Amino acid sequence: MSPTLTEPDTAGLGASAAAIATALGRVTVEIRGPNGAPIGAGVVWHSDGLILTNAHVARRDVSVVLSDRRPRAARLVARDPGRDLAALVVDATGLPDAAIGDSRALRVGELVLAMGNPFGLPRALSAGLVHAVERSIIQADLRLAPGNSGGPLADAQGRVVGLNAMVVGGLAIAVPSETAWRFVREQLHGHRRPGR
Amino acid sequence: MEALLSLSNDLAGAVERVAPSIVEVHARPRLPSTGIHWRAGLVVTADHTVRAHDGITVTTPDGRSLPATLAGRDGGTDLALLRVPDLGSSPAPVGDDTALRVGHMVLALGYGPRASWGVVSVVGPRWRSWRGGEIDRLVRLDLVLYPGFSGGPLVDASGRVVGLNTSGLAREMRLAVPATTVARVVDELSRKGHVSRGYLGLGMRAVQIPEPLRAQLGLPGNAGLIVVTVEPDGPAARAGMLLGDVLVALDGAPVAELEDVQARLGPDRIGATTTALVVRAGRRAEMLIQIGEQPRRRA
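Sequence lines, in order, name chains A and B.
My numbering applies: residue 1 is where the first sequence begins, and numbers increase by one.
My numbering applies: residue 197 is where the second sequence begins, and numbers increase by one.
So here's chain A without its partners, still in its complex pose:
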């Protein structure tokens, strides 16, 4: 039997979750519509200003609020409604970017954390676990709300393994990071990361 469970290291668990929340908070962006109302979330995918979100969140140019709380104009550079992914670019360099994990390695039962702006509440965290793994989507037993769309789903090490996209039958549905990489490779040749 595992020591973490028989004698729960709640201090350690709490500290771990808090560290991940802080790290995710730096790479989660708020996305606002033309009238400034919050419409979803996004992930800083690359430090030179590339932000990924859902296609159903970003239908045109939007404004984004990074972790420095300053609104910036963001240009829609690619959009794929089929995969529910969109790429935005802000005029910035040296942004803190997300550590991206391998969604193909996810196991059912693994802990996952989601961050987004549910009901307009910036950078709210929710926790759950991987419910089922399919090739094209991740299903998570985790509570999401409108405003979580486009935000990161991270594993227990804080690596982004997906982008939260919708709720179906109470389950959170996320686009896997593998799909997001493929989208970036196909649509944005200039934004490849070293080694991918």
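No lab work stands behind these hints: they were computed from the structure.
All of these numbers come straight from a predicted model, not from anything done at the bench.
A hint or two may mislead.
[Said to hold, decoys possible] Stretches of chain A that chain B covers, calculated by requiring three or more beta carbons in the stretch to come under 8 angstroms of a beta carbon on chain B:
1. 102-112
2. 122-130
3. 146-158
4. 167-177
[Unchecked claim] Here are a few chain A residues that face chain B, going by a calculated C-beta distance under 10 angstroms:
5. G14
6. P81
7. G82
[What the hints assert, rightly or not] Estimated spans, in silico, between C-beta atoms of each pair:
8. B/V298 with A/P81: 43 to 49 angstroms
9. A/V167 with B/D250: 34 to 40 angstroms
10. B/E212 with A/G14: 25 to 31 angstroms
11. B/R260 with A/V167: 29 to 35 angstroms
Beta carbons are placed, not taken as given, at the ideal position from N, Cα and C, and that holds for glycine.
Dock chain B against chain A, hints included.
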């Protein structure tokens, strides 16, 4: 981040440990349910998900579809036992449900595997379900039972099966039948095909007895059960029980709810004689009922 990672690995490990003993049960239209490979060749599932008698199949973790026969069922505990000859050898690792405490982290699993995460929200004493089954421990869960999860295992964080999840025993609550009860009922079902229970052959509803009448007749309590159906030639009918009689005590113990009657009709009471105190037309009457065995439900 070590603590969270280690917990995450434990939970994923728990799923992988139990997954080889989780099957999909096809015994009702549309929505398959989940079953647990409990003993060699035997799958236990939630009784309310078994609607068909013939043509039942189970799908193994590796995707084989196998024919299954109904070995027995007990609506009282919402458990049904299926015989599946070619299941292979991967019975579930069964844990100790007496160790469950409020706040323990648990997983509910479905075929796939699919997982749901939560905590034990209530642990209570032995209780009786609305269908009359004796359940050794109340285990209420704070987690989501997704469609098709009924009949699947409740798994502790070390990867042992401590219960069987069902939405069939309470409408608003997620409950697990503890492993102790599952083991006991599986044993009885595999030997006899059903769980024996005492039987009076009565349908009754709780009623209040007006205080003047209670005082006048010297009754033990101010509540009773009015007889609304009498099974023809059933144990109570043979003893002379009539529609409209109000049952107030069995062997001197007051009965105010159906539970009080069921509590006195355990399998050990079959064949025994019980003294029923009733109010009939404003007077006390006593009758001796020889407790019968509950006829088996035909689905």
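Q | Given coverage of the region 167-177 of chain A by chain B, tested with a Cβ cutoff of 8 angstroms and a minimum of 3 residues | A | holds (count 3)
Q. Lying within 34 to 40 angstroms: is that true of the beta-carbon distance A/V167 to B/D250?
A. Holds: the Cβ-Cβ distance is about 39 angstroms, inside 34 to 40 angstroms.
Q. Falls inside 43 to 49 angstroms, the C-beta gap from B/V298 to A/P81?
A. The hint (43 to 49 angstroms, Cβ to Cβ) holds, given that B/V298 and A/P81 are roughly 46 angstroms apart.
Q. Is the hinted range of 25 to 31 angstroms satisfied by the C-beta distance from B/E212 to A/G14?
A. Since B/E212 and A/G14 have Cβ atoms about 26 angstroms apart, the given range 25 to 31 angstroms holds.
Q) Are there three or more residues in the region 102-112 of chain A whose C-beta lies closer than 8 angstroms to some C-beta of chain B? A) Held - the region 102-112 of chain A has 5 residues with a Cβ nearer than 8 angstroms to chain B, which meets the minimum of three.
Q. Is the hinted range of 29 to 35 angstroms satisfied by the C-beta distance from B/R260 to A/V167?
A. holds, 33 angstroms
Q: Using 10 angstroms as the Cβ threshold, decide whether A/G82 counts as touching chain B.
A: violated, 25 angstroms
Q | Residues of the region 146-158 of chain A with Cβ under 8 angstroms from chain B, three needed, outcome | A | holds (count 4)
Q: With chain B as the partner, please determine if A/G14 meets the hint condition of a C-beta pair closer than 10 angstroms.
A: At about 8 angstroms, which falls below the 10 angstroms cut-off, the nearest Cβ of chain B leaves the hint on A/G14 intact, so it holds.
Q | chain B covers the region 122-130 of chain A, three or more CB atoms within 8 angstroms, holds or violated | A | Since three or more residues must qualify, the claim that chain B covers the region 122-130 of chain A holds, with 3 doing so at under 8 angstroms.
(Q) Does the closest beta carbon of chain B sit nearer than 10 angstroms to the beta carbon of A/P81? (A) Hint violated; A/P81 Cβ to chain B Cβ min 27 angstroms, cut 10 angstroms.
Checked against the numbered hints given earlier, this structure breaks hints 6, 7; the rest are met.
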